[in-house]
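Q: One letter stands for each residue in the lines below.
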Amino acid sequence: MLDTLLLIALFIQSLAALGCMYRVIKGPSVSDRVVALDSMGISLISITAMLSVLLRSQSFMDIILLIGILAFIGTIAYSKFIERGVVIDRNRRGK
Amino acid sequence: MSWLHLIVLAPFLATVFIPVIHKAFPKLHIGWAVLPLPIALLISLLSQIGKVSSHVSVEASMPWIPSYGIYFDVYLDGLSMLFALLITGIGTLVVLYSIYYLDKHKERLQAFYVYLLLFMGAMLGVVLSDNLMLLYMFWETTSLASFLLIAYWTQREKSRYGAQKSMLITVFGGMAMFAGFILLYVMGGTFSIRGLVEQAPHIAGDPLFIPALVLVLLGAFTKSAQFPFHIWLPDAMEAPTPVSAYLHSATMVKAGLYLVARMTPIFAGQAEWFWLVAGFGLFTLLWGSFSAVKQTDLKSILAFSTVSQLGLIMSLLGVGSLAVLYDAADERLFYAAVLAAVFHLFNHATFKGALFMVAGIVDHETGTRDIRKLGGLMSLMPITFTIAVVGGLSMAGLPPFNGFLSKEMFFTGMLKVLEADVFALETWGILFPIIAVVASVFTFVYSLMLVMRTFLGKLQPEKLEKKPHEAPIGMLIPPIVLASLVLLVGFYPNLIAHSLLEPAVSAILPNLLAPGDHFETHISFWHGWTAELFMTMGVVAVGLLLVLTLRRWVSLYDHLPQRLTLNRLYDGMLLGLQRGSSKGTEAYMSGSLRTYLIYIFLFFILVIGGSLAFIQPTLQASGYAPLAAYEWLLGLILAGAAAAIVLVSSRMSAILAAGAVGYMVSLYFVILRAPDLALTQLVVETVSVALFLLCFYHLPKLRRDMNRVRFQSVNFLIAIGVGAIITILTLAVQGVRPFDSISDYFIANAHDEAGGDNVVNVILVDFRGFDTMLEILVLGIAAIGIYALIKLRLGGDYREHQ
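Heads up: the protein sequence lines correspond to chains A and B, in order. Taking our numbering, I'd label the letters of the first sequence as residues 26 to 120. Taking our numbering, I'd label the letters of the second sequence as residues -17 to 784.
Be careful, since some hints might not be right.
[To be verified] If you anchor each label on the Cβ, the simulated ranges turn out as follows:
#, chain 1, residue 1, chain 2, residue 2, range
1, A, S54, B, V747, 44 to 54 Å
2, B, I724, A, E108, 45 to 55 Å
3, B, L676, A, L90, 24 to 34 Å
4, A, E108, B, L618, 27 to 37 Å
5, B, P599, A, E108, 47 to 57 Å
6, A, I33, B, T709, 24 to 34 Å
7, B, P599, A, I33, 47 to 57 Å
[Unchecked claim] Example chain A residues on the side facing chain B (calculated, C-beta under 10 Å, incomplete):
#, residue
8, L27
9, C45
10, G52
11, S84
12, L95
13, G99
14, F106
To be clear, the hints were calculated from the coordinates, so they are not data collected in a lab. Remember, predicted model here, so these are calculated numbers, not experimental data. The C-beta atom is built at its ideal place from N, Cα and C for all residues, glycine as well.
Isolated chain A (complex conformation) (with noise of 0.2 Å):
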């Protein structure tokens, strides 16, 4: 019961993840995609998560995490360089 419950749910994760791939193919600005590209990774920290009660495993916690990281890390740089045109500055402490 469990597993078919999650089978949909996995289902329906998937269609959302769809849902921001149109986004980052379509969208009409860089922000527009990062930002979708930002929910495809929550999506993907869910879809993850069911996956590691589907499967009956503790493995895929560290990837939950690391990924939470490395979307917003992600997400922070591209908004940087969206907003500067650089990712790490050259000189940190100055001006």
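Start from chain A and add chain B according to the hints.
A: Here is chain B on its own, set in the frame of chain A:
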């Protein structure tokens, strides 16, 4: 190591000492230090002549590469003896001549004598070798030494051209001969020539026999300047005259004849052998004598005359090969042709050597070799004139010189062909004596022309660079010796007939003799009113007529088509090859990486796709796991993201799509239960997306306006093809698994053997830690490389980008 080995190796050893002696005694003409060596070799060979002429061959063996059947086997029989005596004897005379010919202050003498000794050793090696590989090695060494000697005056354009030409042609033939030798080895199972002769009847039926025959003959024809490979010889006349006399008349150009004679016991009796050897020989004889008449340079006349005489000997060897078809009881013995061949071979070496030395003397004392400028030297250079007359008339085939005898025997051999009834000779045999007579007429003409236009007529002192006078005595001794040999052999031919020629003939035709038997080799000066004598008289009569009217008809040569000469063909071929290959290279080496990638992928499609089509693998669906609905969706996302990379218009979006692909791949790792892979994939993907962003920031302004990827149908087709083939390949491989995986071992032993529960990590650092170490090394190199690329700015005016 026996004395026979030493004879071959001594010249090579001596080359080591020449520069040392040259340094130690700078005032000595280095030729004097070289001279004792060929004399010693000659004497040591002469001491064996009794043995050889009583048919006892001297042989010695030494292992060289025994595992491949390559031995340093040397073997001295009649044929080798004849050649070895020519090489050492004329070598002695040429060294003596060169001492007076080459100036010790102006020339690089040590180089000259090193090359000359290198050649002498190699040539002795060629004629004394019993092992085919050894023979080939020495053969190529003679080509190399000849190359070095022709280009001795390296500052001259023509010398370099002649050297390159001779090198290309002789090495081409040498390679063909090498292939022929290997075929012989494949058939006979041995590299030993005598071993192959024993197997000759067994070899003859082999399908490889004819290719081997043609290839070996190609080597012999190129070396012995047979038509159409004779073109290198006239250009080789740019060499110093001692070299021309030694290499290009007496020894090296006869290596091909030696090879044909040596291989006769293996190949004789075949129609191909007869027609190729005799046919090419006769045509070369005619062509060489015909071309010699129009030359105006003394050495060019002699070069074409050499070509023609080599053709004569070659044709005699061809006719002589018929001997094996008729048994000894038969009246019509063809071995007379072989006897004529070896006799003329000896005679030609003597008179042609003398004539070359005469040409050198004339050049040395007048400053020119052009017969249009020469004339009237008879009274100024009486000794040289006498030698020239002896040599010239011997070459023309007049009594009482030795050329007369061998020419008579040549006619005998050619007339014998009329009696042959094999190989369609009933029809074509009549051509042999006709060509022989016509060529002899031309030979007579150029021989007389050579002597008359140089020494008779009027002196033209204003055209000469120096005031002509007789040569120094040292320069005259070698040609005098050769001219006296011409006379001596002319008057007493049987001096060498029994001791030298008979063993040589029996070495060429070993299977015709019963043990203890001898060939009848008595050469008689006068043999009655025979057809040969009338032919000679006809030749002399027509020849004299032509010589007297020379000025009227020699201009006919100018009307011959100049564009159709073989030299033009050679130059055109060389130029065409260069241009063609550079055009070919330019056509496909475009310098664009795109083009090269197209080649690589096309090759991939052709080879892998072709072999897939050839194998036709079965793609069974049964072995695959079922897919859940969400997995389909995730696959769709992955495909969509991948498509987006290609289709989106901006590069930024393409990077985002690439990141999406990377993340989806990591999700697949989760689905396929590979947590470590998923972790790594996520981090690496994030880092590489960040790196892409870094790169894009630095793209030049000009290019910033981002275009959609241009559609190109070729690229599209290739991409589709590669993708399809990879897919098919993966599916095909997946279905077939002939062996069990070894992963069970890792799973079972990870805990007990390595003390870890994470099997992936245990494999990485324990079971297969070596790979990991090298991967770490790769990362280290990449990091250092990036650091170096960014920091290191050598040369050029690079301003750091701010």
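Q: Do the numbers back the hint for S84 of chain A, that is, is its least Cβ distance to chain B under 10 Å?
A: holds (4 Å)
Q: Taking the Cβ atom of L676 of chain B and the Cβ atom of L90 of chain A, is their distance within the range 24 to 34 Å?
A: holds (26 Å)
Q: Please verify that hint: G52 of chain A, Cβ, nearest Cβ of chain B, below 10 Å or not.
A: holds (8 Å)
Q: Determine whether the Cβ-Cβ distance between I724 of chain B and E108 of chain A falls within the hinted range of 45 to 55 Å.
A: holds (52 Å)
Q: Evaluate the given range 27 to 37 Å for the C-beta pair formed by E108 of chain A and L618 of chain B.
A: holds (33 Å)
Q: With chain B as the partner, please determine if C45 of chain A meets the hint condition of a C-beta pair closer than 10 Å.
A: Holds: closest Cβ of chain B sits about 8 Å from C45 of chain A, inside 10 Å.
Q: Double-check G99 of chain A for me: the hint is only fine if its C-beta lies closer than 10 Å to a C-beta in chain B.
A: Where the cut-off is 10 Å and the nearest Cβ of chain B is about 5 Å from G99 of chain A, the hint holds.
Q: Take the shortest C-beta to C-beta distance between L95 of chain A and chain B; is it under 10 Å?
A: holds (5 Å)
Q: Lying within 47 to 57 Å: is that true of the beta-carbon distance P599 of chain B to E108 of chain A?
A: holds (54 Å)
Q: Quick check on a hinted range of 24 to 34 Å for I33 of chain A and T709 of chain B, using CB atoms only.
A: holds (31 Å)
Q: Check the following: the C-beta atoms of S54 of chain A and V747 of chain B are separated by a distance inside 44 to 54 Å.
A: Once the Cβ atoms are compared, 46 Å apart, the range 44 to 54 Å for V747 of chain B and S54 of chain A holds.
Q: Can we keep the L27 of chain A interface hint, with Cβ of chain B closer than 10 Å?
A: violated (15 Å)
Checked against the numbered hints given earlier, this structure breaks hints 7, 8; the rest are met.
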